[in-house]
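Chains as they are written, first to last, in this note's numbering: chain L, 11 to 241; chain A, 11 to 241.
Some hints here could point you the wrong way.
The list cannot tell twin chains apart, which means a pair is met if one copy fits it or any two copies do.
To be verified - SDA-like cross-link-like pairs, simulated, lysine to any residue; straight-line CA separation at most 25 Å:
no., residue 1, residue 2
1, 141, 92
2, 186, 240
3, 174, 13
4, 174, 53
5, 180, 76
6, 211, 17
7, 204, 33
Simulated from the structure, these hints should not be mistaken for lab results.
Bear in mind the structure is a predicted one, so any value in this text is a computation, not a measurement.
What follows is the residue order along each chain.
2 protein chains.
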Amino acid sequence: MDLFYVEHISNKKLSVSESKHCLTALRKKVNQKILLTEGKGITYSAIIESIQNGQVIYTNIKSIYTYLRKPKIHIAIAPTKNKARFEWFLEKATEIGVDIISPLICQYSERNKINETRAKKILISAMKQSKNPILPTLNSPISFEEMMKNPPKNCYIAHCQNRKKIPFKKLLVNLKNPHTISLFIGPEGDFSEKELNFAEKIGFVSITLGEQRLRTETAGIVGCNMINLLL
Amino acid sequence: MDLFYVEHISNKKLSVSESKHCLTALRKKVNQKILLTEGKGITYSAIIESIQNGQVIYTNIKSIYTYLRKPKIHIAIAPTKNKARFEWFLEKATEIGVDIISPLICQYSERNKINETRAKKILISAMKQSKNPILPTLNSPISFEEMMKNPPKNCYIAHCQNRKKIPFKKLLVNLKNPHTISLFIGPEGDFSEKELNFAEKIGFVSITLGEQRLRTETAGIVGCNMINLLL
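Make a model of the complete structure from these sequences and hints.
Laid out in structure tokens, this is it:
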């Protein structure tokens, strides 16, 4: 059964676009059952009570499934020069499972803006499609320096520079129930020496995702999949 | 240093398109060192001896790195309705590491052709970019029935049907040095009951890649990453 997104389940009404998807694309009718989520890990069932001005009004809300992924996965990643590659990352990471995405502006970044409205739509659509009731939090783009002023805990930084790196797999299998894990992925031109020196100085661990040189968006997906798989 | 693709290292000459990449995009000159691969796991170094009719002639070939992934990874996957999604799969699987790709035509397939020339170019480009000296073998599209007449060994089939499935992760960590592992991924409409019955009857193992419902191309990448990571 298809999943619909509501900002607040207690609103008892689908948004105009979700109603359109429900009524026009999926041809749902009054008295039929639908699945709903606020994107916070809970899937609800409800019954379509009526349709008012093209919007679905639902009733009889029941929580039927709770999915709380532990630990929380935070990917801080530089938006790619090519917009489609970053959007592909957003879709795939949501399908695989991610909690927080921070677009990161680095010294060698080739793009420092993203279309947040479009990005949010991609996240909602991927969440619905994958029936994964967790809508990632998409932060506004933040500079590397700004992020370093108040860095999250358990930070890992993936890069291709020739300095000591620990295989991410090895670290993950030895981690003991972390609350949140943050993975930093740089732009096409990689993190700068200065950025890496600073990050390591404040406790970030330099890691490698494997022998290959992965593109930014691929590294994001591979890292996200590794955390989901090994923790 | 950048990697170039040659069909046969003993030819001592780059193709026209690789020469153009080498001379025009990367501005390489006579006497400079380049890296070469036939896509069979070996990276060679060589020196540009001369340029004849726009083609790079190289000499002083040395094998500098051998990468033989074990086991061989074979992904048999239905081409997606949207061409770009299948092409993303080709690129990402090559970056992550795959040996054989078989486009699989199933009962519910929405596309039964691929542009093989374009697909091969994507594979070569992803191989060069990721510095992973293995060029996947791309088979011609094959129907599910035809594939079943002579199925590979160690076959796993991923689907969303409500029948007994074993978590792929659990199977992989218990596998003992397989020579080849084949993962089958169906189209948007999934494998049919008939296809699954037949596959299971001849020894395929039904597997799940996780709790989420992944798109065809995402399942291909996640499965490929799991095999690389856990074997």
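These are the hints, each one checked on the structure:
In the homo-oligomer, the alpha carbons of residue 141 and residue 92 lie at most 25 Å apart only across protomers (21 Å), although the nearest pairing inside one protomer, at 28 Å, exceeds that limit. In the homo-oligomer, the alpha carbons of residue 186 and residue 240 lie at most 25 Å apart both inside one protomer (11 Å) and across protomers (20 Å), since each shortest distance falls under that limit. Proximity of residue 174 and residue 13 under a CA criterion of 25 Å is satisfied inter-copy only: 24 Å between copies versus 45 Å inside one chain copy. Proximity of residue 174 to residue 53 under the C-alpha cut-off of 25 Å is restricted to the inter-copy arrangement: shortest distance 23 Å between copies versus 43 Å within a copy.
In this homomeric assembly, residue 180 and residue 76 come within 25 Å of each other (Cα to Cα) only across copies, at 23 Å, whereas the closest approach inside a single copy is 30 Å. With identical chains, the CA atoms of residue 211 and residue 17 are never at most 25 Å apart, being 40 Å at best within one copy and 46 Å at best between copies. In this assembly of identical chains, the alpha carbons of residue 204 and residue 33 never lie at most 25 Å apart, being 54 Å within a copy and 32 Å across copies at closest.
The structure is inconsistent with the numbered hints 6 and 7, although it conforms to all the rest.
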